[in-house]
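Residue-level listing of the chains:
Number of protein chains: 2
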Amino acid sequence: MEAIIVNEEQVKNGLFPMGEKNDAYKDVFVGQSYLDMLVADPEINVGVGNVSFEPGTRNNWHIHHDGYQLLLVTAGEGWYQEEGQEARRLKVGDVVVTKDGVKHWHGATKDSWFSHVAITAGTPEWLEAVDDEAYGKLKNK
Amino acid sequence: MEAIIVNEEQVKNGLFPMGEKNDAYKDVFVGQSYLDMLVADPEINVGVGNVSFEPGTRNNWHIHHDGYQLLLVTAGEGWYQEEGQEARRLKVGDVVVTKDGVKHWHGATKDSWFSHVAITAGTPEWLEAVDDEAYGKLKNK
Numbered sequence: 001m002e003a004i005i006v007n008e009e010q011v012k013n014g015l016f017p018m019g020e021k022n023d024a025y026k027d028v029f030v031g032q033s034y035l036d037m038l039v040a041d042p043e044i045n046v047g048v049g050n051v052s053f054e055p056g057t058r059n060n061w062h063i064h065h066d067g068y069q070l071l072l073v074t075a076g077e078g079w080y081q082e083e084g085q086e087a088r089r090l091k092v093g094d095v096v097v098t099k100d101g102v103k104h105w106h107g108a109t110k111d112s113w114f115s116h117v118a119i120t121a122g123t124p125e126w127l128e129a130v131d132d133e134a135y136g137k138l139k140n141k
Numbered sequence: 001m002e003a004i005i006v007n008e009e010q011v012k013n014g015l016f017p018m019g020e021k022n023d024a025y026k027d028v029f030v031g032q033s034y035l036d037m038l039v040a041d042p043e044i045n046v047g048v049g050n051v052s053f054e055p056g057t058r059n060n061w062h063i064h065h066d067g068y069q070l071l072l073v074t075a076g077e078g079w080y081q082e083e084g085q086e087a088r089r090l091k092v093g094d095v096v097v098t099k100d101g102v103k104h105w106h107g108a109t110k111d112s113w114f115s116h117v118a119i120t121a122g123t124p125e126w127l128e129a130v131d132d133e134a135y136g137k138l139k140n141k
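Protein sequence lines, in the order shown, are assigned to chains A and B.
What the first sequence shows, in the numbering used here, is residues 1 to 141, in sequence order.
What the second sequence shows, in the numbering used here, is residues 1 to 141, in sequence order.
If we strip away everything but chain A, and leave its shape as in the complex, we get:
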């Protein structure tokens, strides 16, 4: 049975532009993501970007050192997981706070496009990809 893909139009016609293919980060993502930077200013200690994910796309495990990351979900459905915790299903309006030093990943579900605004401080450390089998087993809750 072929999966039904959802939320493509919602992501492509979101509040903020979808931006370009996120080539700068392609080595630390599985799948295709898109990035539109909303705030990138040397006088401001956070960067703000609109990140969009095609279905099945997720970033690698990573850590924000000397900083944090805040996610505001704006379209579609996705996952957020911290190391040692169960993955959390994300929908529009959800907010995620990732604290300094916490290993985590985020991305779309298998069947849905997904967008979040990411507010990020500090220096990221990029780690291994999310295990395909573990990702494949994630189920709607």
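No lab work stands behind these hints, which were simulated from the structure alone.
Careful, some of the hints might be misleading.
The following residues of chain B were derived to be distant from chain A, with all beta-carbon distances above 12 Å [what the hints assert, rightly or not]:
(1) Ala3
(2) Ile4
(3) Ala24
(4) Gln32
(5) Glu86
(6) Arg88
(7) Lys99
(8) Lys139
Derived lysine to any residue pairs resembling SDA-like cross-links, with alpha carbons at most 20 Å apart [unchecked claim]:
(9) Lys12(B) / Gly93(A)
(10) Lys99(B) / Val39(A)
(11) Lys26(B) / Pro42(B)
Derived list of chain B stretches under chain A, where covered just means 3 residues or more per stretch with a C-beta under 8 Å from a C-beta of chain A [what the hints assert, rightly or not]:
(12) 37 to 51
(13) 58 to 72
(14) 101 to 113
(15) 116 to 127
We put the beta carbon where it would ideally sit given N, CA and C, even for glycine.
Given chain A's structure and the hints, the job is docking chain B onto it.
Below, chain B alone, put in the same frame as chain A:
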């Protein structure tokens, strides 16, 4: 001629909850605003809130000391003005960066509901209300 009020449903059914009447800040607003805090965490150096404004509602002139404010417009139409500059008309998807020490105000237009996410660092200093006559003269551009 009575004004036609727009964007009420867009604001009331926005991505993020509208929250409660913003009574904590009522002395530094003209009109009725609403606040839903999305991130308020002592370990995070910014606060993130969804602020909604009834038509004609705006905050007083204010300054963020030792910090900044970032606005992401999520619904309706509004105004942003820095001291000594012309007011800037805001629509969905617009982004505003207010730097440390800059005197400014923001709010709805006369005829539209308005919502923005505000990402705020530092300590605000609240000043005088926006002049009624000057606000009344603002025109769509």
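Cross-check of the supplied hints:
1. At roughly 26 Å from the closest C-beta of chain A, the C-beta of Ala3(B) stays outside 12 Å, upholding its exclusion from the interface.
2. Every Cβ of chain A is farther than 12 Å from the Cβ of Ile4(B); the closest lies at roughly 24 Å, confirming the non-interface assignment.
3. Annotated as non-interface, Ala24(B) keeps its C-beta farther than 12 Å from every C-beta of chain A; the closest such distance is 20 Å.
4. Against chain A, the non-interface label of Gln32(B) holds: every CB pair exceeds 12 Å, the least being about 22 Å.
5. Separation of Glu86(B) from chain A is adequate, the least Cβ-Cβ distance of about 21 Å exceeding the 12 Å criterion.
6. With a minimum CB-CB distance of about 16 Å to chain A, Arg88(B) clears the 12 Å threshold, and the non-interface call stands.
7. Distance check on Lys99(B): its Cβ comes as close as 6 Å (rounded) to a Cβ of chain A, failing to clear the 12 Å threshold; non-interface status is violated.
8. With a least beta-carbon separation of about 25 Å from chain A, Lys139(B) lies farther than 12 Å from that chain, consistent with its non-interface assignment.
9. For the hint pairing Lys12(B) with Gly93(A), the CA-to-CA distance comes to about 13 Å; that is within 20 Å, so the pair holds.
10. For the given pair, Lys99(B) sits about 12 Å from Val39(A) by alpha-carbon distance, which is consistent with the 20 Å threshold.
11. Of the supplied pair hints, the one linking Lys26(B) and Pro42(B) is violated, its CA atoms being roughly 24 Å apart against a limit of 20 Å.
12. Check on the region 37 to 51 of chain B: 8 of its residues sit with their Cβ under 8 Å from a Cβ of chain A, so the three-residue criterion for coverage holds.
13. Given a C-beta distance limit of less than 8 Å, the hint that chain A covers the region 58 to 72 of chain B holds, as 3 residues qualify and 3 suffice.
14. Coverage of the region 101 to 113 of chain B by chain A is violated in this model, with 0 residues showing a Cβ closer than 8 Å to a Cβ of that chain against a need of three.
15. Note: the region 116 to 127 of chain B has 3 residues with beta-carbon separation from chain A under 8 Å; the three-residue rule is met and the coverage holds.
Violated hints, listed in ascending order, are 7, 11 and 14; each of the other numbered hints is respected by the structure.
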